[in-house]
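Those protein sequence lines, which keep their order, are chains A and B. The opening residue of the first sequence carries number 1 in our numbering; numbering runs sequentially from there. The opening residue of the second sequence carries number 1 in our numbering; numbering runs sequentially from there.
In case anyone wonders, no lab produced these hints; they're calculated from the structure. Accuracy of the hints is not assured; some may be wrong.
Claimed, not checked - Computed cross-link-like contacts, DSS-like style, restricted to lysine-lysine with a CA-CA straight-line distance of at most 30 Å:
#1 B:LYS28 - B:LYS538
#2 B:LYS28 - A:LYS22
#3 B:LYS578 - B:LYS323
#4 A:LYS22 - A:LYS114
#5 B:LYS40 - A:LYS22
#6 A:LYS22 - B:LYS568
#7 B:LYS28 - B:LYS568
#8 B:LYS608 - B:LYS568
#9 A:LYS114 - A:LYS47
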Amino acid sequence: MENTASIFGTGEARVRSMNARKFALWLFIISVTMVFASLTSAYIVKKSEGNWLIIEFPELFNITSVLIVISSISMHFSYLAARRDNLLNIRLGLVITGLLAIGFVVGQYFAWDKLVEQDVYFVGNPAGSFIYVFTGLHVLHLAGGLIFLFVVLFKAYTYKVHSRNLLSIEMCTTYWHFLGGLWLYLYIFLIANN
Amino acid sequence: MSVADIQITEVGHDDHHDDHHDQGFVSKYIFSTDHKTIAKQFLITGIFWAIVGGGLSLIFRLQLGYPDMDLNWLRPIMGDWITAAGKLDTEFYLGLVTMHGTIMVFFVLTAGLSGTFSNFLIPLQIGARDMASGFLNMLSYWFFFLSSVVMFVSLFIETGPASSGWTVYPPLSALPQAMAGSGLGMTLWLISMALFIASTLLGGINYVTTVINLRTEGMTFTRLPLTIWAFFITAVIGILSFPVLLSCALLLIFDRSFGTSFYLSEIFIGGEALPNMGGSPILFQHLFWFLGHPEVYIVILPALGITSEIISTNSRKPIFGYKAMILSMLAIAFLSFIVWAHHMFVSGMNPFLGSIFTLLTLIIAVPSAVKAFNYITTLWRGNIVFTTGMLFSIGLVSFFISGGLTGLFLGNSALDINLHDTYFVVAHFHLVMGSAAFFGLLAGVYHWFPKMFGRMMDEKLGRLHFWLTFIGVYLVFFPLHYIGIAGFPRRYYSFTSFETFSGFADLNTFVTIAAVVTFAAQFIFLFNFFYSIFGGRKAPANPWKSNTLEWTTPRVPQHGNWPGAIPKVYRWAYDYSKPGAPDDFIPQTIPLSHTPESNLPHEGELAKEEGVESPKKEKDKVE
Numbered sequence: 001m002e003n004t005a006s007i008f009g010t011g012e013a014r015v016r017s018m019n020a021r022k023f024a025l026w027l028f029i030i031s032v033t034m035v036f037a038s039l040t041s042a043y044i045v046k047k048s049e050g051n052w053l054i055i056e057f058p059e060l061f062n063i064t065s066v067l068i069v070i071s072s073i074s075m076h077f078s079y080l081a082a083r084r085d086n087l088l089n090i091r092l093g094l095v096i097t098g099l100l101a102i103g104f105v106v107g108q109y110f111a112w113d114k115l116v117e118q119d120v121y122f123v124g125n126p127a128g129s130f131i132y133v134f135t136g137l138h139v140l141h142l143a144g145g146l147i148f149l150f151v152v153l154f155k156a157y158t159y160k161v162h163s164r165n166l167l168s169i170e171m172c173t174t175y176w177h178f179l180g181g182l183w184l185y186l187y188i189f190l191i192a193n194n
Numbered sequence: 001m002s003v004a005d006i007q008i009t010e011v012g013h014d015d016h017h018d019d020h021h022d023q024g025f026v027s028k029y030i031f032s033t034d035h036k037t038i039a040k041q042f043l044i045t046g047i048f049w050a051i052v053g054g055g056l057s058l059i060f061r062l063q064l065g066y067p068d069m070d071l072n073w074l075r076p077i078m079g080d081w082i083t084a085a086g087k088l089d090t091e092f093y094l095g096l097v098t099m100h101g102t103i104m105v106f107f108v109l110t111a112g113l114s115g116t117f118s119n120f121l122i123p124l125q126i127g128a129r130d131m132a133s134g135f136l137n138m139l140s141y142w143f144f145f146l147s148s149v150v151m152f153v154s155l156f157i158e159t160g161p162a163s164s165g166w167t168v169y170p171p172l173s174a175l176p177q178a179m180a181g182s183g184l185g186m187t188l189w190l191i192s193m194a195l196f197i198a199s200t201l202l203g204g205i206n207y208v209t210t211v212i213n214l215r216t217e218g219m220t221f222t223r224l225p226l227t228i229w230a231f232f233i234t235a236v237i238g239i240l241s242f243p244v245l246l247s248c249a250l251l252l253i254f255d256r257s258f259g260t261s262f263y264l265s266e267i268f269i270g271g272e273a274l275p276n277m278g279g280s281p282i283l284f285q286h287l288f289w290f291l292g293h294p295e296v297y298i299v300i301l302p303a304l305g306i307t308s309e310i311i312s313t314n315s316r317k318p319i320f321g322y323k324a325m326i327l328s329m330l331a332i333a334f335l336s337f338i339v340w341a342h343h344m345f346v347s348g349m350n351p352f353l354g355s356i357f358t359l360l361t362l363i364i365a366v367p368s369a370v371k372a373f374n375y376i377t378t379l380w381r382g383n384i385v386f387t388t389g390m391l392f393s394i395g396l397v398s399f400f401i402s403g404g405l406t407g408l409f410l411g412n413s414a415l416d417i418n419l420h421d422t423y424f425v426v427a428h429f430h431l432v433m434g435s436a437a438f439f440g441l442l443a444g445v446y447h448w449f450p451k452m453f454g455r456m457m458d459e460k461l462g463r464l465h466f467w468l469t470f471i472g473v474y475l476v477f478f479p480l481h482y483i484g485i486a487g488f489p490r491r492y493y494s495f496t497s498f499e500t501f502s503g504f505a506d507l508n509t510f511v512t513i514a515a516v517v518t519f520a521a522q523f524i525f526l527f528n529f530f531y532s533i534f535g536g537r538k539a540p541a542n543p544w545k546s547n548t549l550e551w552t553t554p555r556v557p558q559h560g561n562w563p564g565a566i567p568k569v570y571r572w573a574y575d576y577s578k579p580g581a582p583d584d585f586i587p588q589t590i591p592l593s594h595t596p597e598s599n600l601p602h603e604g605e606l607a608k609e610e611g612v613e614s615p616k617k618e619k620d621k622v623e
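Modelling step: build the complete structure from the supplied sequences, incorporating the hints.
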């Protein structure tokens with residue numbers, strides 16, 4: 001306390017530490033994390049009670065996982081381009097990210113088809129229902145990210161994203177990496193617990 | 001880079017903040033983004049819900065206290081919920097209990113308490129123009145409002161409101177054929193709660209962001225008033241626990257509307273077997289109580305924070321153990337997440353697990369006792385000023401102790417087998433959480449009313465309100481311990497058919513009379529509140545001689561809170577009756593270098609580094 005007191009005495013150092021919007025985004029990410037943490041814990045609790053099915057996951061999940069990882073890379077590419085004021089590469093990175101994201105969503109949809117072919121339905125044993133809930137909720141959050149991405153893309157086309165105005169693309173990148181990480185967590189969780 | 005951004009905008013704020021108050025009626029009072037207006041909106045809505053929630057409890061208290069009463073006089077409001085014989089409909093009784101719980105826990109003591117005082121006090125006490133995001137803050141209120149509308153509508157539908165208890169355990173809540181209230185009423189309950197969770201998260205994210213990022217110069221974490229610490233920790237708990245309620249409700253929605261089996265398995269109802277297989281109702285309890293337990297701290301912590309502030313101010317003494325108070329709140333917040341299964345001791349859970357949760361639960365008694373002792377030691381030998389806010393704060397401490405003691409019984413997995421789901425539980429949480437938090441809310445309203453509306457509430461009416469409510473609450477809830485130990489289960493419509501319980505009929509009647517009187521006493525408050533908004537005595541700038549920043553604003557702070565620059569902070573919030581000081585309080589805005597007569601040795605050192613001119617030089621300048 002004494003130390004901080006002597007710092008602000010000079011009138012230079014402020015007590016704040018972070019941009020409020022970025023900080024709020026992190027809090028939002030925490031609350032989303034809690035949703036999925038609780039659902040995956042519910043999965044473990046339910047599984048340990050027995051009456052459970054072993055489900056073979058569609059191969060498609062591997063492909064969509066690769067897609068979302070690449071989209072994270074292209075998003076970061078776009079962010080780095082923004083830092084270097086490479087306006088064309090910002091748009092390029094964002095467009096690639098958006099396309100990959102749409103590919104991911106379509107892939108998830110076909111993966112559901114594959115699950116149905118295996119007689120794993122949303123309505124039935126919770127072992128199957130949980131997969132639909134995990135993937136469905138994740139896609140829902142990804143849809144939010146996609147809207148955010150389009151907003152940033154629009155800003156990029158109106159020259160509002162550059163090295164002196166990084167906030168929106170920074171936040172979008174953070175959220176995007178989170179979405180990718182979240183999917184990998186869910187997929188690895190499902191594989192590990194099967 | 002971001003730091004620089006904010007500073008630039010804030011300088012702009014300082015420049016033009018005095019002159020743009022000409023907002024339209026709608027943007028000033030309805031869709032306002034000003035934290036003070038939003039706080040008042042939360043308060044008024046909370047008061048409305050408190051009347052509804054309290055009114056519902058009176059109806060079922062009448063049934064319990066006077067089982068033979070002819071209730072036909074309630075027909076004009078309740079319609080067919082009063083049967084032709086003048087009796088309360090049995091299923092609607094369950095609806096009343098459910099709605100009373102839901103309304104009080106979520107709408108009054110979460111939104112009404114946190115929503116009001118976090119919004120009102122955070123910017124004012126940390127020295128900020130407004131919340132980090134005024135828009136999200138407004139959204140938070142309107143989500144709450146929508147949620148309120150949906151919940152209110154559910155009271156009037158033909159099949160009745162949700163009726164499976166405020167904990168909405170499946171399978172009762174999951175199957176529309178199980179009871180009338182599990183139909184549309186339950187659907188509306190879930191919609192309303194989803195909106196409510198959205199509101200709470202938006203609010204909580206805003207509160208945490210604001211406290212961390214928008215504190216004024218000099219307002220370090222160890223100088224924050226304990227109110228802010230309490231709101232901050234409450235918001236963190238909310239951010240971590242409400243999403244879990246959302247997943248819990250989501251799976252219930254899937255079970256109800258899409259036919260999944262998360263919570264349902266092997267059920268035979270109404271002569272037919274349901275197809276649902278593989279689910280588990282215990283899973284719901286785990287998810288629900290992972291929110292549900294932190295929720296009780298979401299309810300009580302803001303009240304404890306408000307009390308800390310009011311007791312210190314009106315004892316004219318620094319709060320005893322400032323850091324111990326913070327640490328105990330942090331400890332309570334942490335422990336709140338690892339004790340949820342003490343609500344589930346009789347759910348068939350492994351007894352070994354039960355003993356672990358017993359141990360963890362009993363540990364909570366330690367930080368809670370630290371807080372109780374600190375309140376008492378703050379009061380000890382203080383120059384106590386018995387304002388109404390102070391009386392309610394002391395009342396809170398009383399409830400917190402007497403209700404907290406029974407927590408030791410209930411937290412014990414062996415004793416809980418006997419006491420579970422009896423009126424003993426009802427007595428416990430109505431004292432420690434319900435009444436205590438309610439008193440925190442009232443204390444806060446009486447204490448900060450002058451800052452909210454620029455006028456004083458009537459102290460005589462306030463004292464009358466306090467004594468009637470304080471005595472009334474004990475008369476209502478203390479007897480419930482006895483009937484709980486005698487074995488009365490919660491949520492039963494009637495006890496007349498049990499020979500064992502006939503000896504307690506008079507006690508139940510007594511409780512009902514006490515409840516009616518206590519409820520009636522609240523109208524004294526309502527009159528005082530609404531009359532004082534318009535006709536109260538005009539408030540001085542700092543009526544309680546308090547140290548915190550909100551009392552440095554004008555009588556009615558306008559948009560932006562401070563005309564001109566935001567004040568700087570040079571000391572903690574609790575310099576009351578400091579030895580050597582001419583006054584018995586030194587506001588946070590007074591530099592240490594202006595008070596050489598009362599500085600402690602290390603403060604004398606700090607004063608030299610403040611970079612503030614000594615008062616003598618300033619005087620020269622004025623002359």
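How the hints compare with the structure:
1. B:LYS28 - B:LYS538: Within the cut-off at roughly 22 Å; holds.
2. B:LYS28 - A:LYS22: Distance ~28 Å between B:LYS28 and A:LYS22 Cα, so the pair holds.
3. B:LYS578 - B:LYS323: holds, 18 Å
4. A:LYS22 - A:LYS114: violated, 39 Å
5. B:LYS40 - A:LYS22: Measuring from Cα to Cα gives roughly 28 Å; hence the hint holds.
6. A:LYS22 - B:LYS568: Satisfied, since the Cα-Cα distance of roughly 25 Å is no more than 30 Å.
7. B:LYS28 - B:LYS568: Holds, because 28 Å separates the two Cα atoms, which is no more than 30 Å.
8. B:LYS608 - B:LYS568: holds, 16 Å
9. A:LYS114 - A:LYS47: Holds, at roughly 23 Å.
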